[in-house]
Amino acid sequence: MKYILVLLLAMPGMLWAEDAAVREDVRAAKETVLELNRDLYELERELLSPATTRASFNLTLNHGEFFEPLSIEVSVDDELKIQHLYTERQVKALRMGAVQPLGDINLAPGKHTVRAVVRGVDHLGQGRELSVAEQVNKTSKPLITELVIVDRDELKSARVQLKYW
Amino acid sequence: MLISGVCYAGETLRPGDIVPDFTMPATNGFGQRLAEARGAPLMLIWLGRCDECSETLVRYQLLAESLEMDGLKGWFVWTPDGDALPPKMRLPVLKYEGKWRQSWQFKGRPAVMLIDPDGQLDHLITGDLDENYPETEKVLMRWLSLGRDGQISE
Numbered sequence: 001m002k003y004i005l006v007l008l009l010a011m012p013g014m015l016w017a018e019d020a021a022v023r024e025d026v027r028a029a030k031e032t033v034l035e036l037n038r039d040l041y042e043l044e045r046e047l048l049s050p051a052t053t054r055a056s057f058n059l060t061l062n063h064g065e066f067f068e069p070l071s072i073e074v075s076v077d078d079e080l081k082i083q084h085l086y087t088e089r090q091v092k093a094l095r096m097g098a099v100q101p102l103g104d105i106n107l108a109p110g111k112h113t114v115r116a117v118v119r120g121v122d123h124l125g126q127g128r129e130l131s132v133a134e135q136v137n138k139t140s141k142p143l144i145t146e147l148v149i150v151d152r153d154e155l156k157s158a159r160v161q162l163k164y165w
Numbered sequence: 166m167l168i169s170g171v172c173y174a175g176e177t178l179r180p181g182d183i184v185p186d187f188t189m190p191a192t193n194g195f196g197q198r199l200a201e202a203r204g205a206p207l208m209l210i211w212l213g214r215c216d217e218c219s220e221t222l223v224r225y226q227l228l229a230e231s232l233e234m235d236g237l238k239g240w241f242v243w244t245p246d247g248d249a250l251p252p253k254m255r256l257p258v259l260k261y262e263g264k265w266r267q268s269w270q271f272k273g274r275p276a277v278m279l280i281d282p283d284g285q286l287d288h289l290i291t292g293d294l295d296e297n298y299p300e301t302e303k304v305l306m307r308w309l310s311l312g313r314d315g316q317i318s319e
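Going line by line, the protein sequences match chains A and B. Each residue of the first sequence is one higher than the one before, starting from 1 at the first, in our numbering. Each residue of the second sequence is one higher than the one before, starting from 166 at the first, in our numbering.
One thing to keep in mind: the hints can contain errors.
To be verified - With the C-beta cut set under 7 Å, the calculated list includes, among others, these residues of chain A facing chain B: (1) 82; (2) 86; (3) 87; (4) 89.
Unchecked claim - Interface residues of chain A toward chain B, partial, derived using beta-carbon atoms under 8 Å: (5) 71; (6) 83; (7) 85; (8) 88; (9) 91; (10) 94.
If you are wondering where the hints come from, they were derived from the structure by calculation, not from laboratory data. Heads up, the beta-carbon is just placed ideally off N, CA and C, and yes, glycines get one too.
Model the full assembly from the supplied sequences, consistent with the hints where possible.
Right, here's the structure in full:
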C-alpha cells in the first residue's frame, strides 16, 4: 500500500518530465524544419538566379526638378524584361532619396545591350521620354546597375544614365 | 496579386471579395495603385465605350468631389478603343493597357465598384452609367453613412 502511495505521488513528476522531453523534441523538430526551409529557400534562389547570371536593376532620381517619371521599361537585347508604373507616392519617395529595386533578371555571361526608356513629364507638364542604351559586359559575378535620372540645370531638362555598382 | 493581360479577377468579382491590386497609368497625371488607396473608401468607375465621354461622367465626378470630405476617392478606368479619346476629368482617369502586367481589366464594364477602406468590394453596380446614376448615388450615400457608423460592410 505504501509503495502504491509513493508511486502515485511520484507520477505527476514523471509525467511532467516526460511532457518536458516531448516539448523539447517538438521544439527541436520545429527548428530543424525552419533550418531546412531556409536551406531550401537559399537553394531555390541560387537555382533561379545564381550569382553567375544575376543582374539587378535599381532606379534613383537626382533632384527631379525637371522630370517626373511616370513609367519605365527596361529591355535587354530587345526583349522587355522590366516594366514599372509610378504613383505620386513613389515619386515622392524617389525625390527623398529612395533607391527603387526595379528587379532581378537572369543574364548569361557575355555582352548584352541594355535599353531603358523612362516616360514622364517635365517641369512644364509636357510629356517627355528619356532613354539610354548601353552595351554591358556580364561577367561571372552578379551585375548590379543603377539607372539615375539626373537634372541638367543648364538645359532645364533631365537625362537618364546607367551606373554600375 | 498580379494579373496580366485581360482580366481574370473581374470575371468572378462579387461583393464581399477583396479586389485584387492593380497599378494603371493615368491619362491626367500619375498612375494609381489600388493598394495605395487602402484606408479610404473608393468609388471605382469602369467605363464602357467612351470617346471623350466627359458629359456622361460629370455627375459622377461631382458626386465624388462632394464626398471628398468623407474621405471618398473616385477614379475612372478608361479602355482605349480605336481612335477614341479619353474623357477630360479632374479625377484620375486610369488607362487600361494590356501591356502593363500590373493591371487587369473588368469585363462587366460599365460598372461602379464601391470598395471599402480594407480593399473589399462592398457594392457592384453594373450597366449603363447614365441609367444607373440615381441608384449609384443612393447606394453610395447609404454606404458612406454606414461606414461613418463603423459598419461599412453590409
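Please name the hints from earlier in the document that this structure breaks, with their numbers sorted from lowest to highest.
-> Numbers 1 and 10 - these are the hints that the structure violates, sorted from lowest upward.
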